[in-house]
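A.B. asks: Sequence lines, in order, name chains A and B.
One point on numbering: in the numbering used here, the residue at position 68 of the first sequence is 68, and numbering is uninterrupted.
One point on numbering: in the numbering used here, the residue at position 322 of the second sequence is 322, and numbering is uninterrupted.
Hints are computed from structural coordinates only; laboratory data are not their basis.
Think of the CB as a built atom: it goes at the ideal place given N, C-alpha and C, for glycine as much as any other residue.
Treat the hints with caution; some may be incorrect.
[Claimed, not checked] Here are some, though not all, of the chain B residues that point toward chain A, as calculated from beta-carbon distances under 8 Å:
id	residue
1	GLN22
2	GLU26
3	ALA30
4	GLY36
5	GLY39
6	VAL41
7	PRO42
8	THR55
9	TYR63
10	ILE126
11	PRO161
12	LEU179
13	GLU180
14	PRO282
15	MET376
16	ARG380
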Amino acid sequence: MIVKGRIISGGRARGPVLVTMDPISFLGSVDPKTGIVVESGHSLEGKSVAGRVLVFPRGKGSTVGSYVILQLKKNGVAPVAIINLDAETIIAVGAIISKIPMLDMLEKDPYEIFKDGMMVEVDAVEGEVRF
Amino acid sequence: MEPPLTKKERCMLDGECGPGKQQAMEILVALAKIYGAKGMVPVTSAQISGVSYKTIGDAGLEYLEDLAAKGTNIEIPAYLNPIGMDAQGWEEMKVPKDFAEKQLKILNAYTSMGIKPTCTCTPYLIGVRPKVGEHIAWAESSAVVFANSVLGARTNREGGPSALCAAICGVTPKYGMHLEKNRIADLVVDVEVALPDRSDFGVLGAIAGGVARGRVVAFKGIKKADEDKLKYLGAAMAAFGSNSLFFIKGITPEWKVRDGAENITADESEMARMRKTLDECPEEDIITTGCPHASLAEIKEIAGMVRGKKLKKPLWVCVSRAVKEIAAEQGLAEIIEKAGGKLVADTCMVVSPMEEMGYKNTGVNSAKAVKYLPTMCQQRVHFAKLEDLLGFRGGKGAKK
Chain A
1 MIVKGRIISG
11 GRARGPVLVT
21 MDPISFLGSV
31 DPKTGIVVES
41 GHSLEGKSVA
51 GRVLVFPRGK
61 GSTVGSYVIL
71 QLKKNGVAPV
81 AIINLDAETI
91 IAVGAIISKI
101 PMLDMLEKDP
111 YEIFKDGMMV
121 EVDAVEGEVR
131 F
Chain B
1 MEPPLTKKER
11 CMLDGECGPG
21 KQQAMEILVA
31 LAKIYGAKGM
41 VPVTSAQISG
51 VSYKTIGDAG
61 LEYLEDLAAK
71 GTNIEIPAYL
81 NPIGMDAQGW
91 EEMKVPKDFA
101 EKQLKILNAY
111 TSMGIKPTCT
121 CTPYLIGVRP
131 KVGEHIAWAE
141 SSAVVFANSV
151 LGARTNREGG
161 PSALCAAICG
171 VTPKYGMHLE
181 KNRIADLVVD
191 VEVALPDRSD
201 FGVLGAIAGG
211 VARGRVVAFK
221 GIKKADEDKL
231 KYLGAAMAAF
241 GSNSLFFIKG
251 ITPEWKVRDG
261 AENITADESE
271 MARMRKTLDE
281 CPEEDIITTG
291 CPHASLAEIK
301 EIAGMVRGKK
311 LKKPLWVCVS
321 RAVKEIAAEQ
331 GLAEIIEKAG
341 GKLVADTCMV
351 VSPMEEMGYK
361 NTGVNSAKAV
371 KYLPTMCQQR
381 VHFAKLEDLL
391 GFRGGKGAKK
C-alpha cells in the first residue's frame, strides 16, 4: 500500500512504527543519550524512539527541541523517520539538520493506518509511505 | 507545494553555495511550506536568539559548532541576542567556570560565521534601525514588537534557527507580518488611565497581551510615550500574549483597525489588579533593571537617583556593551558603581544563571522579567517602580 504525504525533510528510511497521540517536546522529554521518553505521563514514557518511524501529531515546547533531535542523531538513538499530522517549526528544523526523513499531512489518517511495530518505508523523496 | 524560488535561492537549495547554505535554505523552504508562504522575501538584517548556554545547552552548542565547521557565512548583517554572562566580566559576576567556557564557545561559533556579538535584545538602541516597510528577520520577541510597531519594519517572530537561516541565506519566507493584509488590528484597547511610569506600560502590555493572544492591538487614549516606554509595553505584550505588532493612535507609523474589532478598556482598577498579580513577594535579594536592555536615558536617570548614595542591595543594570561603553565615557557607570550597583553588559537577569549565584528573590520594574524569572531562574519576583525598588523615596533601600 502507498500513502502520499507532504515532504518536510528529504531522504528515505525503513523501520518499525512507534505511534503516539501526544505531541512531543524533545527538550526535557526525551533523553538525548538513550532516546528514551522520560516525560512523566506521556503515552511513550519509558519507550525508546531509537530506530523507529515515529508517528506523532507535532512538536511542542522549546525551540531548543530541534537541537535535541540532532543530539539523538549523533548519539545513534534518533528516530529513522518522522511522520507528523501537521509539522511545526521545532520538529521540521530538527529533522532537517539531523537529516531525518519527515512527512506530514498524509492523505489518510495515520492513526487508522499505523500500529506499533509495523514495518514501513518512508520515502521523503517521492513523498510517500510504503508498507 | 514548494514555494517559487529565485535562481540564487535555487542554487543555495541545490548545494552549489556550500553545505551550510543548503541546509539553511532547506529549513526556509520547509517553513515556507508549513506557513503557506508563496515565496521568499529579501531581508536587510537578522537578529538571532538562542545564544545563552543556559537556553540552548550542549545540544545547541554542538549544532552551531558543526555549522561553523562547514565554513558557513552570512549574507546580511546579523546581530546576537544576549548571552548568559558579561563576556568580559563573568568572573566578577560569579558565573560558574564550566558555564562560562561553553558560553564562549557558542559566541565563537556565531562570530566565526560573521555574526556580530552585539549580545543585546535592543539592537535598535545601538543603531540598527530598519526603516518603515523594510523587511527583516528578528527573533528576540521584544525587539520584534518594537521593530514592527515603533519602527514600522516587517518581521515575524522568528525562532533562533530560522533567524540564523535568514542570516545565512539573506531571505525569509514571506508570510504573516511581511504581508500588508495581516497588519491590521483585531483588538482595540481604550486606555482610560494615566501611565506616568515605565512599569505602567509593562502592566498595560501584560493586560493587552493576555487578551490579544497574538492578535494585532490598537491602543487609543495614550497621549505621550517615549521609546523606552514603548519598549516596556511591547516586551510585556510579547511575553504575555505572543504579540508581534501594536498601534498607538498618533504615535506609531501605522494605524489600521478591522471593522468589527473587539473592544476593551484598561482603567485604573484593571491596572491595579494586574499590578498586584505581577508583584509576588515584598522583599528582594537583588534589584535588576534593563529588561529589555537599558537605554542611555534610563542609565542617566538611575545615576541621578543613586548619585552619592549607598545601595543596600546589589543592583544590576542590564545593558548592551555598546551602551555600557558610552555610559562609562560619560561617567555614569562610575556613579552607579560607587553606589554599589553594576552595569552588566551582554546578558540579563533572565538568561544568566542567577539561581546558581545564590539569589532567590529579585526586584524588577519590567513585566516581561516577571513572566520569565520564576520559570527560568526559580526566582520570586517583587514588581515595582524603579524608584520604589531603589528606595530613595521612602529611604528603604539606601543609607544616608
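A.B. asks: Let me make sure I understand: some of the numbered hints might not hold for this structure. Which ones are they, in numerical order?
C.D. replies: When the structure is compared with the hints, numbers 1, 4, 5, 6, 7, 10, 12, 13, 14, 15 and 16 turn out to be violated.
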